[in-house]
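Asker: Here the protein sequences come in this chain order: S and C. Be aware that the first sequence starts at 51, since it is given in my numbering, and climbs by one per residue. Be aware that the second sequence starts at 865, since it is given in my numbering, and climbs by one per residue.
Hints are not guaranteed to be accurate.
Said to hold, decoys possible - Subject to a maximum C-alpha distance of 27 Å in a straight line, what follows is the list of computed BS3-like cross-link-like pairs (lysine-lysine): (1) C:Lys-1529 / S:Lys-59; (2) C:Lys-882 / C:Lys-1146; (3) S:Lys-120 / S:Lys-59; (4) C:Lys-1648 / C:Lys-1258; (5) S:Lys-120 / C:Lys-1105; (6) S:Lys-109 / S:Lys-120; (7) C:Lys-1583 / C:Lys-1105; (8) C:Lys-1105 / C:Lys-1146; (9) S:Lys-59 / C:Lys-1105.
Said to hold, decoys possible - Which chain C residues stay away from chain S? Per the calculated CB distances, all over 10 Å, these: (10) Ile-910; (11) Leu-978; (12) Glu-1494; (13) Leu-1497; (14) Val-1507; (15) Asn-1646; (16) Ala-1781; (17) Gln-1813.
Hints were generated in silico from the structure; no laboratory data involved. Just so it is clear, CB atoms sit at the ideal spot from N, CA and C, and this is done for glycine as well.
Residues per chain, in single letters:
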Amino acid sequence: MSHNGTHDKLIYMANQIATFFTSQPRDGQVAGIADHINHFWEPRMRNQLFTILEEEGGKGLNELVIEAAKQIRRPAVA
Amino acid sequence: MSLVHEIDYGTPASHSQKTVTLTVDGAEVTVPEGTSVMRAAMEAGIQIPKLCATDMVDAFGSCRLCLVEIEGRNGTPSSCTTPAMDGLVVRTQTGRLKDIRRGVMELYISDHPLDCLTCAANGDCELQDMAGAVGLRDVRYGYEGENHVFPAAKTNGASNARFLPKDESNPYFTYDPSKCIVCSRCVRACEEVQGTFALTIEGRGFNSRVSPGMHESFLGSECVSCGACVQACPTATLTEKSVIEIGQPEHSKVTTCAYCGVGCSFKAEMRGEELVRMVPFKDGKANRGHSCVKGRFAYGYASHQDRILNPMIREKITDPWREVTWEEAYSHVASEFRRLQYQYGRNSIGGITSSRCTNEETFLVQKLIRAGFGNNNVDTCARVCHSPTGYGLKSTFGTSAGTQDFDSVEQTDVVIVIGANPTDGHPVFGSRLKKRLRQGAKLIVIDPRRIDLVRTPHVEAAYHLPLRPGTNVAVVTSLSHVIVTEGLFDEAFIRERCDWDEFQDWASFVSLPEHSPEAVEKLSGVPAEAIRGAARLFATGGNGAIYYGLGVTEHSQGSTTVMAIANLAMATGNIGREGVGVNPLRGQNNVQGACDMGSFPHELPGYRHISDDATRDIFEKLWGVQLQDEPGLRIPNMLDAAVDGTFRGIYIQGEDILQSDPDTKHVAAGLAAMECVVVHDLFLNETANYAHVFLPGSTFLEKDGTFTNAERRINRVRKVMSPRNGYADWEVTQNLAQAMGLGWNYTHPSQIMDEIAQTTPSFAGVSYDLLEREGSVQWPCNEKAPLGTPVMHIDGFVRGKGKFIRTEYVATDERTGPRFPLLLTTGRILSQYNVGAQTRRTENVVWHEEDRLEIHPHDAEQRGVCDGDWVKIASRAGETTLRAKVTDRVSPGVVYTTFHHPTTQANVVTTDFSDWATNCPEYKVTAVQIAPSNGPSEWQVEYESQAKQSRRIAAKLEAAE
Chain S
51 MSHNGTHDKL IYMANQIATF FTSQPRDGQV AGIADHINHF WEPRMRNQLF TILEEEGGKG
111 LNELVIEAAK QIRRPAVA
Chain C
865 MSLVHEIDYG TPASHSQKTV TLTVDGAEVT VPEGTSVMRA AMEAGIQIPK LCATDMVDAF
925 GSCRLCLVEI EGRNGTPSSC TTPAMDGLVV RTQTGRLKDI RRGVMELYIS DHPLDCLTCA
985 ANGDCELQDM AGAVGLRDVR YGYEGENHVF PAAKTNGASN ARFLPKDESN PYFTYDPSKC
1045 IVCSRCVRAC EEVQGTFALT IEGRGFNSRV SPGMHESFLG SECVSCGACV QACPTATLTE
1105 KSVIEIGQPE HSKVTTCAYC GVGCSFKAEM RGEELVRMVP FKDGKANRGH SCVKGRFAYG
1165 YASHQDRILN PMIREKITDP WREVTWEEAY SHVASEFRRL QYQYGRNSIG GITSSRCTNE
1225 ETFLVQKLIR AGFGNNNVDT CARVCHSPTG YGLKSTFGTS AGTQDFDSVE QTDVVIVIGA
1285 NPTDGHPVFG SRLKKRLRQG AKLIVIDPRR IDLVRTPHVE AAYHLPLRPG TNVAVVTSLS
1345 HVIVTEGLFD EAFIRERCDW DEFQDWASFV SLPEHSPEAV EKLSGVPAEA IRGAARLFAT
1405 GGNGAIYYGL GVTEHSQGST TVMAIANLAM ATGNIGREGV GVNPLRGQNN VQGACDMGSF
1465 PHELPGYRHI SDDATRDIFE KLWGVQLQDE PGLRIPNMLD AAVDGTFRGI YIQGEDILQS
1525 DPDTKHVAAG LAAMECVVVH DLFLNETANY AHVFLPGSTF LEKDGTFTNA ERRINRVRKV
1585 MSPRNGYADW EVTQNLAQAM GLGWNYTHPS QIMDEIAQTT PSFAGVSYDL LEREGSVQWP
1645 CNEKAPLGTP VMHIDGFVRG KGKFIRTEYV ATDERTGPRF PLLLTTGRIL SQYNVGAQTR
1705 RTENVVWHEE DRLEIHPHDA EQRGVCDGDW VKIASRAGET TLRAKVTDRV SPGVVYTTFH
1765 HPTTQANVVT TDFSDWATNC PEYKVTAVQI APSNGPSEWQ VEYESQAKQS RRIAAKLEAA
1825 E
């Protein structure tokens, strides 16, 4: 199924990452998600994620992603 | 310049450690035990006359020309079949031997046409050479008797039933039976080297003839046109049509094939600047003298009329192209890119490096983007193929590459091939694998489709696990379940090399009942007993090696499957020596290299993360710029950003994302939203339909550089002709960089390699001088490994301890249902390559002129589809049409197609689901429905007309040539 725009796609991608880390040992889950997003998501993607978190209350996001958000690096405003 | 001369030792080398010493014509020579007398003599510089022997195949002993005398032995044994032994005293030239040889040659020549002057092999004919070598001066038998030479008897014109006309059915070589001496070299090459068994000798005695298949034409037989027979032929019986047309080459250079990731070495044999033929190079360490139809023959695209030789510009993509000078093109691109960055921000442009271009060219493109554009928006086609390999192997082992060289397969006892089809996708490796399997190694195939390897002449898989597409993780984890629960793991290896705690965590994870074969059978459709049997065989069968391809990576869980494979290899102790390992079969000729060269948006060359200050510092100092420390956009992210309006311009070198990337409509929308799309390619490819600037590219024959193949081997690419477009691709990138204000001044690609070596530890020891001396090296190549590293992780993993990672199976969200009940998976075929831009422009189309949809007879019948019918294939993303091929190679519920032809547009159907870690698209699973159809879909018609419209060229300049 195609996603509706980048917004939905980012939610989907973040949740996919969370799904992988859900099966990993408990203590590494949240850090694993944050680390992955920090390493591979370009700043505007992370910005959009923060928008979803802050302006939409993280609607649609896996709980672990919301938890991991504290460790996700906030990009310098471009 | 002269021809690169290769010595034919007559019989294959022996790899024995023990040596023997013998005397040949008074010269003492020491050779490995098992070497033939013929080869030993050649090692001593003594060439014994021969016809049926050549060192690419085993000795046969049929021509009776290589006879020798051995002191203390009766008779005249054939030197090719006589093993060298300590103390042998061999004489290769005596009165008796001379008489016998001359008699043998006399008989050969009595049934051979004497048209040497007009024969295509003139100057390259072993029969001619041997007639000369043995001093043949007369043929007493005459030519009037029984023969295979003349279509009709000279005396009375009666037709000659023994005569067979020339077979010209193969597009690349001819078979002229009248010139055949029945030495069987072609038959043996087909068996021993290629492993196809397409050729045989029919008849007996004087009736013996070489026969493709059951007395068929070459094209009509099972022949795969690898060219091994042509190479083996000592006469003009099998001859390249290009040699017939042009004549014998006068000089040659060793270079590397630009098709797949096997990276075969070839001699490009030339006459002036005209390529006469490509002949596989015996010393090529990837291919060991073998080739496939693509590298050997399918180079015609390089001189195809479709090649664009002048730069072109247009305002809008609906305009026709306008040819311009290079200067105009560069300054236009430079000013457009600068305008976009001024208007939309520094990060609004980016680029794609090419996995078809050289390391040096790829390095320059990423350098242009990082240093010139000032961002990290660079990606490469590995995104859509093996990016999960990079991620998965880096996480588990610490390096983003395969662990072995191809020679390693010769030591393997059990092979798992998963999600790969080597005999089609990596044919030369496929042949080397089959050779090992014929010697007795066991094979496990994990693939939804019954690929050729499952059952092919003299090869049969011990297990074929025909899993449902998308269940790789479940099945591989289940193999580990069996190995762990049955105590078959290699505890000593794991304790020494891996983190024991992580192993225990993983072991308890895989031991869970939901990973048992019985549970996994329900998901994957693979019988539990087959999973158990395969796991036991792999764990206990000796050296176990895993080879995998895109059937592993191109899934939502691609990275997870790579980890599962790495876990399996570690658990069974199959890492760190010859004959074992995890071996990704990389798709493109230089996709490994493109990844090594920092083509990914998060990594600098050598797989070092962009956020690492020390690494950035190396480049910043050398380049005199400040680099961004944030990862850039990946290809799918670029397209998303383009649709969102934040990404406006792109420089694409040698990649056709519109055809090769999934969800064509989304790619098209992304490209259409950009204001400056620059395509740098050989042809007006599909992506160029959306381009504003076209920069003509050069072929691998027209430039110097290096390619890095799937075994991390850095091979030289050597220029054998001037670029028809005027410039090698690295020069074009450099000129573009200069237009953007960068002060680059490379005068030869070797200087770029020096810069790579200077900045990248795993390449520290690499230089063109070294490659000249060694032929090739495998990275890491540095102080610790001055001649490179054939096998990795020998004493320990690169990351320290090997890391076991839990691999939970998560079903893809691409599910079948009532509307889309079938699963489509995709693959490729031997004669075509990737999107077909090259191979479709060669005679290879005779083997595959269109993509077909493979469908199981049961599914076909339900839908009223017959073999050859047009069918519509529809998914949630789109629909297209193609013709059906009804076959039980696919299981019920699964359909399969290739994606070599743009008219098929297979990627209109594929979705934008992708690997969780890398965004590698899920090409291999799409839920579809099939229905009979009358013709092309609306999209196909629309696309065709748009493409045609888009390719118009107005205002032609004088040709650059």
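Asker: Against the earlier hints, flag every one the structure doesn't satisfy and list their numbers going up.
Answerer: 5, 9, 12, 13, 14, 16
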